[in-house]
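Novice: With these hints in hand, go ahead and build the complete structure from the sequences.
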Amino acid sequence: MDVQIAPPPQELRVASIPVIQVRDVTKKFGSADPIIKNLSFEVEPGQIFCLLGPSGSGKSTIVRMLIGIYKATSGEIKVLGANPYHYTNHTRGRFGYMPQQFVLYPELSVLDNIKLVSSIYQMKLLKRAPKIKEALEFVNLWDVRTRIAAKLSGGMQRRLNLATTLVHQPELIFMDEPTAGIDPVLRARFWEHFKELSKQGHTIFVTTQYVTEADYCDKVAILNEGQLLAFGTPDEVRHEVIGGEIVNLSLEEITHPVLSLLRQLPGILKYEIITSQSLRLTVDNSAEATKDIITSFQEHNFSIVSIEPYRPDFEEVFVKLLKNNERIIKE
Amino acid sequence: MTLLALTISFIRKELLGTLRQPSLMLTILVGPFVILALFGLGYKAKSSYPTILVVPDWPQLSTNKADYKEVIKDTFELVRISKNLDEARNALKTGEASIVIDVKENALDEIYAGRNAIFPVYYRNLNPVDSSYIEFSLYVYGTEFNKTVVQQGFEAAKPKPGATQKLDESVNLLDNSMKNGDMVGARTQVSVLRALVVVSAQQLDQLYLPGRSNNQTTQQKLLVKQLLDVVVKSGADQAKADLENTQKRLDALETGFNQNDLNSPAQRTQLESIRSSVRSNNEKLNRLNSIPSGVMVEPVLLKAQNQIASTVNYINFYSPAVIILLLQHIAITLAALSNVRDSQLGTIEIFRVGPVGPVQLLTAKLISFMLLILLMGCLLVALIITILGVPAINLEQNLWAILAVLAATIYASIGLGFLVAGLSRTESQAVQLSMVLMLATIFFSGFLVPITQFIEPVQYVSYFIPTAFGASELQNLLLDGQVFRLEKFIILLGVGTVYLLIGLFLYRRQYKVK
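Taken in sequence, the protein lines are chains A and B.
In this text, residue positions in the first sequence follow the numbering used here: the first is 1, and each later residue adds one.
In this text, residue positions in the second sequence follow the numbering used here: the first is 1, and each later residue adds one.
Because the hints were derived from the structure by calculation, they are not lab data.
Remember, predicted model here, so these are calculated numbers, not experimental data.
Be aware that a few hints might be false.
Below, in silico cross-link-like pairs of lysine-lysine (DSSO-like), each with a Cα-Cα straight-line distance of 30 Å or less [stated by the list, open to error]:
1. B:Lys147 / B:Lys83
2. A:Lys323 / A:Lys37
3. A:Lys195 / A:Lys127
4. A:Lys199 / A:Lys124
5. A:Lys28 / B:Lys514
6. B:Lys104 / B:Lys69
7. B:Lys514 / A:Lys71
8. A:Lys270 / A:Lys330
9. B:Lys514 / A:Lys37
10. A:Lys71 / B:Lys512
11. A:Lys195 / A:Lys133
12. B:Lys512 / A:Lys78
13. B:Lys158 / B:Lys303
14. A:Lys78 / A:Lys124
15. B:Lys512 / A:Lys37
16. B:Lys13 / A:Lys124
17. B:Lys73 / B:Lys93
18. B:Lys13 / A:Lys151
19. A:Lys78 / B:Lys514
20. A:Lys127 / B:Lys13
21. A:Lys131 / B:Lys13
22. A:Lys133 / B:Lys13
23. A:Lys124 / B:Lys512
24. A:Lys28 / A:Lys330
25. B:Lys512 / A:Lys28
Specialist: Right, here's the structure in full:
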């Protein structure tokens, strides 16, 4: 099933000016096929915006267009109200960028690295110390501030990258696959950091290929081969992809009368027999459907072993989305 | 303010990066000293080549090398004497000897046939400097050999002291004959005296005197103000006049004898005049005889006096140049690797995204590298003065000039480093380019071969090499206390600025939106 790109919620657009506006953007390198195809989305202030897609889908290219390293072949991009190809130093100071790899100096200590970056962001020599401490404490690196970066673990190096991105307290933070290649425990900690930053009012634009991370975000854009396949809150995307919500129903026995009853109930879009005693129902609204099923089954004296809403994980959603997309392309 | 903060950050980065690598510190600071000290202790300033002397197979010629130690010495270390040329030449191939000198048995025949006697010298050496040195040394030794032969000839050609004694004896005998009334004896002595005067006059005419020549060459003219001076200064003219006077007095004496006047007062006066002339003549001849034949063979020596204000030696000369060469190399590699490494690490992305432009970044890097390398340069200069004893003439007056030379050299070298970075994609490329520049510096900066030994167009290459200016200026300032040459300083600053601008242009390409 094809999923339409959901527009940003009306109330958010009215309430505030989007931090990032991308309209009909296409990016080509030379005469090759476009890497990004007719992309449009908006990011609202204070959101965690996740650009989700497999490796090579064009996530880093989009980030590089947003930070002004690449120029869109066509379309329009506005970040903090400015054109990325004509950023002023003032605008550059309002956002931070965390590259995919560790790009700081391995021979310098944690503190020296963050000091160097803070001087790039024109932080005053005498006033930057508290902010540096704050950033390092935020990522739990203050205690190892004198350690040489080369001697940090991979996870610590990522956190140092994050601290240097945050040190000048940017409004908008771009992070290109910050959790790539690190263990799940550390990834979860990173997302805690991002949530905390979001609470503090920062807007976060993050790319990832871990689909399960979508649930941490306020908005998700799913990208494949340079095309936006889905856009919205994680639940909106899930709903669009699955075609509704899921309810798992367990019975003593699945009979024709039961199936006939389910077909007659409003709000049940389809059902799928999982085992001889269990069914997966796709419904418009899981709460209402559950209530209707219980009532109808009682009226017809059908017994229910269990009924519960099921929230498929995003991995399942993502796979389904890609399959849908492949089918559409084939058709 | 941003530039200051950035500069301080880069100074910290480079300083801490260096301090955290003790081996690098050792290489940079101690390395040059170990090299210079070893050079100073080990360099003997002249080469010594194992030499075989091949002599004719004559019974009177010994094959004991001790007998030839006065002939073959210093540059040529006599290893043995041989009478077989083929065997000696084979020793060149085996490496036993570097030089074979073949003394030909027909040398004297050649000389008397009106030709130069040629002693072939065989050597086997790939090094052009060594080859030139060997050939120059052979020329010197050939000249020395000939001088010895000519000196012996001069010694043999000197007027014999016996002639003057005979003149004296004969005058005394004449005196006795006149006093004793012995007319026959007196006439005999007059004849003897006449013969001796003729012989002495002939010897005077044949005597070689420096500057005495009818066809005066430039060399003769440099020695003699006018021709007369030669005979006046040498005394040969007076000697000749004395002989002529003696001849006249003898004539007068003989006229008196013919008139039977043997010992009148007038005749005595003639005799005393003869005695006086003979004495005077003898003095002149003795004076000419007393000139050593060595002086006659080598009448003029050029005595060199270097007018620089310190002692010339290899350590003094090369230490400032080595420091400058080292500073140039460090500045080029540091600046080049810094930029290339930023690209390879990806740090350039942080710089690109941040509110700092390429001009600010390169300026901060330039200032930080300059300060660090200048500090290193000052330390190295202080160390060569204090530890290696390199002179520092007028140090107090020239301190600022020395700093300016170091700063200008480092400035231009950093510019060159940024240019190298712009042309390199990887660190190994940057290192290779730096090494090529090092090689060009060694050849074309005057470090190894004086710039004046190149043809004029190639000499201009040196203007593009910071070491060419830095090394010669630091040597002039430290070793001779010379005045700082502002025009060369300005040229170097200009060249450095051109390098920086090209480096900046290439660096900015990385900032271009793709």
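Novice: Each of the hints needs a verdict: does it hold here or not?
Specialist: Going through the hints against the structure:
1. Between Lys147 (chain B) and Lys83 (chain B) the alpha-carbon distance is near 25 Å, which keeps this suggested pair within the 30 Å criterion.
2. This hinted pair checks out: Lys323 (chain A) and Lys37 (chain A) have alpha carbons roughly 19 Å apart, not beyond 30 Å.
3. Between Lys195 (chain A) and Lys127 (chain A), the direct Cα distance comes to roughly 27 Å. Compliance with the 30 Å bound is thereby established for this hinted pair.
4. Distance restraint check for Lys199 (chain A) and Lys124 (chain A): the Cα-Cα separation of roughly 26 Å lies within the 30 Å cut-off, and the hinted pair is therefore satisfied.
5. With a C-alpha separation of about 10 Å, the suggested pairing of Lys28 (chain A) with Lys514 (chain B) holds against the 30 Å cut-off.
6. For the suggested pair Lys104 (chain B) and Lys69 (chain B), the alpha carbons sit about 19 Å apart, so the restraint of at most 30 Å is met.
7. Using a Cα cut-off of 30 Å, the hinted pair Lys514 (chain B) and Lys71 (chain A) holds, with the two alpha carbons roughly 6 Å apart.
8. For the hint pairing Lys270 (chain A) with Lys330 (chain A), the CA-to-CA distance comes to about 25 Å; that is within 30 Å, so the pair holds.
9. Of the pairs offered as hints, the one joining Lys514 (chain B) and Lys37 (chain A) holds, with about 17 Å between alpha carbons and a cut-off of 30 Å not exceeded.
10. The straight-line distance between the Cα atoms of Lys71 (chain A) and Lys512 (chain B) is roughly 10 Å, inside the 30 Å bound, and the hint therefore holds.
11. With a C-alpha separation of about 20 Å, the suggested pairing of Lys195 (chain A) with Lys133 (chain A) holds against the 30 Å cut-off.
12. At most 30 Å may separate the alpha-carbon atoms for a hinted pair to count; Lys512 (chain B) and Lys78 (chain A) meet this at roughly 19 Å.
13. Between Lys158 (chain B) and Lys303 (chain B) the CA atoms are separated by roughly 28 Å; this keeps the pair inside 30 Å, and the hint holds.
14. With a C-alpha separation of about 29 Å, the suggested pair Lys78 (chain A) and Lys124 (chain A) falls inside the 30 Å cut-off, and the hint holds.
15. Between Lys512 (chain B) and Lys37 (chain A), the direct Cα distance comes to roughly 23 Å. Compliance with the 30 Å bound is thereby established for this hinted pair.
16. Straight-line distance between C-alpha atoms of Lys13 (chain B) and Lys124 (chain A) comes to about 18 Å, which keeps the hinted pair within the 30 Å bound.
17. At roughly 22 Å between alpha-carbon atoms, Lys73 (chain B) and Lys93 (chain B) fall within 30 Å of each other, so this suggested pair holds.
18. With a C-alpha separation of about 17 Å, the suggested pair Lys13 (chain B) and Lys151 (chain A) falls inside the 30 Å cut-off, and the hint holds.
19. Restraint check for Lys78 (chain A) and Lys514 (chain B): the C-alpha separation of about 17 Å stays at or below 30 Å, so the hint holds.
20. Annotation: proposed proximity of Lys127 (chain A) to Lys13 (chain B) holds, straight-line Cα distance about 20 Å (limit 30 Å).
21. Under the criterion of a C-alpha separation no larger than 30 Å, the hint pairing Lys131 (chain A) with Lys13 (chain B) is consistent with the structure, at around 20 Å.
22. For the hint linking Lys133 (chain A) to Lys13 (chain B), the alpha-carbon distance of about 19 Å falls within 30 Å, and the restraint holds.
23. Of the pairs offered as hints, the one joining Lys124 (chain A) and Lys512 (chain B) holds, with about 28 Å between alpha carbons and a cut-off of 30 Å not exceeded.
24. Our distance criterion of 30 Å between C-alpha atoms is met by Lys28 (chain A) and Lys330 (chain A), whose separation comes to about 24 Å.
25. The hinted pair formed by Lys512 (chain B) and Lys28 (chain A) meets the criterion: a straight-line CA distance of about 16 Å does not exceed 30 Å.
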